[in-house]
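Colleague: Given next are the chains, with one letter for each unit.
Protein chains: 2
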Amino acid sequence: MISGPVLIVGTGLLGTSIGLALAEDGVVCVLRDLSPAAQNLAHDLGAGVVDDGVVQPALVIVCTPPDLAATCVAAELERYPNAVVTDVASVKGVVERELRAAGADLTRYVGSHPMAGRERSGAAAADADLFAGRTWVLCPTAESAPSAVEAVREVALGVGAFPVTMGTDEHDAAVAAVSHLPQIMASLTAAQLSGTEPEALGLAGQGLRDVTRIAASDPMMWSPILAVNAPALLPHVNAVVQQLTELERALTAASTEGPSADGVMRTLAALIENGKNGVARVPGKHGGAARRYAEVMVLVPDKPGQLGRLFAEVGDAGINIEDFRLDHSAGAKMGVATVQVIPEHADRLARHLDDQGWKVVQ
Amino acid sequence: MISGPVLIVGTGLLGTSIGLALAEDGVVCVLRDLSPAAQNLAHDLGAGVVDDGVVQPALVIVCTPPDLAATCVAAELERYPNAVVTDVASVKGVVERELRAAGADLTRYVGSHPMAGRERSGAAAADADLFAGRTWVLCPTAESAPSAVEAVREVALGVGAFPVTMGTDEHDAAVAAVSHLPQIMASLTAAQLSGTEPEALGLAGQGLRDVTRIAASDPMMWSPILAVNAPALLPHVNAVVQQLTELERALTAASTEGPSADGVMRTLAALIENGKNGVARVPGKHGGAARRYAEVMVLVPDKPGQLGRLFAEVGDAGINIEDFRLDHSAGAKMGVATVQVIPEHADRLARHLDDQGWKVVQ
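Line by line, the protein sequences give chains A and B.
Heads up: the first sequence begins at 3 in my numbering, then just goes up one per residue.
Heads up: the second sequence begins at 3 in my numbering, then just goes up one per residue.
Just so you know, the hints here were simulated from the structure itself, not pulled from any lab data.
All figures in this text were calculated on a predicted structure; none of them were measured in a lab.
Ideal Cβ placement from N, Cα and C applies to all residues, glycine included.
Take the hints with a grain of salt, since some may be wrong.
Stretch-level coverage of chain A by chain B, calculated; a stretch enters the list once three of its residues show a Cβ under 8 angstroms from a Cβ in chain B [to be verified]: (1) 36-47; (2) 145-157; (3) 233-239; (4) 308-316; (5) 346-359.
Pairs of lysine-lysine, DSS-like flavour, derived with a Cα cap of 30 angstroms [said to hold, decoys possible]: (6) A/K305 / B/K361; (7) A/K361 / B/K278; (8) A/K305 / A/K361; (9) B/K278 / A/K305; (10) A/K278 / B/K278; (11) B/K278 / B/K361.
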């Protein structure tokens, strides 16, 4: 059980979403933000009550931008000498180092990084389900009290996330590879479209859209993240520059001597092959939803009314469809319907549909 | 009307898909492939009849890998002195230059590039709908006869694509920016995951999956494409190397002097900002499907049986659902169902659902 009251400092996307999620569990949060508008919006959305300065929180969750995190955590540790304090900044080593340098009480501090976000920011984009099924990284310090770690773990579980414990360096290296470098590469790819003719952009397909989707992110959010995680990012950026420099050489040779110039194919094939090997290591290619809900896959004949029958029979079983996808190729006379339901309902749904004569894909 | 017979040389993904799509229009295609297995598979799938060497085609579509395209086009122009010949290679300048150097009859040649593909290759992945709603670029030579251009345009229309005419240089510059550079960047990003710990990969989110999805592509398909388009690609690769070198400097300063070192924030914010401006120029952010089918969006209460009722009523209207998506945030008590139908059915479906009391989103 989460022992409240929980004080949320910073009512942006993450802070407000935590408040909404905890409210569903009956935990009342106290909200504080430098911006009265943001604070009131979070309150209006149901994320908690506005801080009156009197409540003594048992737990403080600092949800400010990452470059303010350490300062705010230190201030809250001071202000509430009995409270456990965590933050949700996406780089963890720097926060711990600054707290240590400031002589903060690290027994009551545990770093957090919920692996959730949206391209939109602010309380208006908040969602009680933002963390459902997502990983929530806990980075305890060497001094963190077990009870402090437990208090933060309860919050992660309370909002529906999976808590995972990592060292701060290990965490920062991980997000450099799986989050910060991809952001840089998406932004660089998208930046090259600025000089491109509209006719050329008309040829854009799903590949370009996928590669550049996260380039729409907020520069004010990303700049401090990249700056504070510079030590973990640098080796990746160095490696990419080196490979691009090799590619430059190969493309220059191909331009001047032709595509069959010595070594051109070897360099190009290695580039694509290394990428293919890397992407094969990414777990759960079909995205976060697969972990959030369980999937039941059913073959659906490609003719009118079949999906209606399928859904009517799911409804008859009293099961709610959380998400749904239909895939079919035009050649095939069957589509594959992927029905996502809460995990507890998956087996019963599969049996029910099988009983009704549907071909359930195992 | 397409005047057949149409000879398809190379029965991989594109060749077989063209055959399947033209078969739906009643055009019989003649199939030829160096691999008897590939040729027979395409025939079995219904893409056409196997070439007996006797049929005199009116149109030849060369669907070989791009490094063979010019040689094959030249051979077919020779072999069938009355036929129009096109190819589907994804780089166009090199094909025209090689044909010109070989003294081929350019009045009967028109280059093509259908902007369609899949991560899987080969006849087995073929789909009659592969080109539906996609752009099909026509690159006539200065000598191409208007009747030859018209013949190829008819094929594009016949398979459901939108024909667009471009010069070869303009085309090659466009695909360098919207297709080839994104492939390189996705592959480089994915390659950096090879040395990453499994625990770190567990933190992967949708952002990483999107950026690296096309890194799963085939090195044998991509290497020749990148090599022959080297002249158009080089300026983009040069620009990216330059920006990454600036980034390296900023990250080095941030690592040694701290995140507030001079110029760090300016460099990082410009990187993300430039990407944001670039991605904003990409048309139709919601992907190709929106053009292929028409979308009808309906609000769906978040309780069991509602989707069943919706689909039953779509079925009652005799309308087939081509694709479907359900989006809902946990806060909201409504989901938004996006029903994709063939464009001719969209208005009727919207009216029908409105009549049945559904809230159709305009």
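Colleague: Three residues or more, CB to CB closer than 8 angstroms: is that satisfied between the segment 233-239 of chain A and chain B?
Modeller: holds (count 5)
Colleague: Does the structure keep A/K278 and B/K278 at a Cα separation of 30 angstroms or less?
Modeller: 27 angstroms, holds
Colleague: Has the segment 145-157 of chain A got at least three residues whose CB is nearer than 8 angstroms to a CB belonging to chain B?
Modeller: violated (count 0)
Colleague: Measure nothing beyond the straight line between the CA atoms of A/K305 and B/K361; if it is 30 angstroms or shorter, mark the hint as holding.
Modeller: This hinted pair holds, its Cα atoms lying about 25 angstroms apart.
Colleague: For the segment 346-359 of chain A, do at least 3 residues have a Cβ located nearer than 8 angstroms to some Cβ of chain B?
Modeller: Result for this restraint: violated, n = 0.
Colleague: Count the residues of the segment 36-47 of chain A whose CB lies closer than 8 angstroms to any CB of chain B, then report whether that count reaches three.
Modeller: n = 1 at 8 angstroms, threshold three: violated.
Colleague: For a C-alpha distance cap of 30 angstroms, please report whether B/K278 and B/K361 respect it.
Modeller: 34 angstroms, violated
Colleague: Verify the proposed pairing of A/K361 with B/K278, using a straight-line Cα cut of 30 angstroms.
Modeller: Given that 30 angstroms is the threshold and the Cα spacing comes to 45 angstroms, the pair is violated.
Colleague: Can you tell me if the segment 308-316 of chain A counts as covered by chain B, using C-beta to C-beta distances under 8 angstroms and a minimum of three residues?
Modeller: holds (count 9)
Colleague: For the pair supplied as a hint, B/K278 and A/K305, confirm whether the alpha-carbon distance does not exceed 30 angstroms.
Modeller: 42 angstroms, violated
Colleague: Is A/K305 within 30 angstroms of A/K361, Cα to Cα?
Modeller: 16 angstroms, holds
The earlier numbered hints that this structure contradicts are 1, 2, 5, 7, 9, 11.
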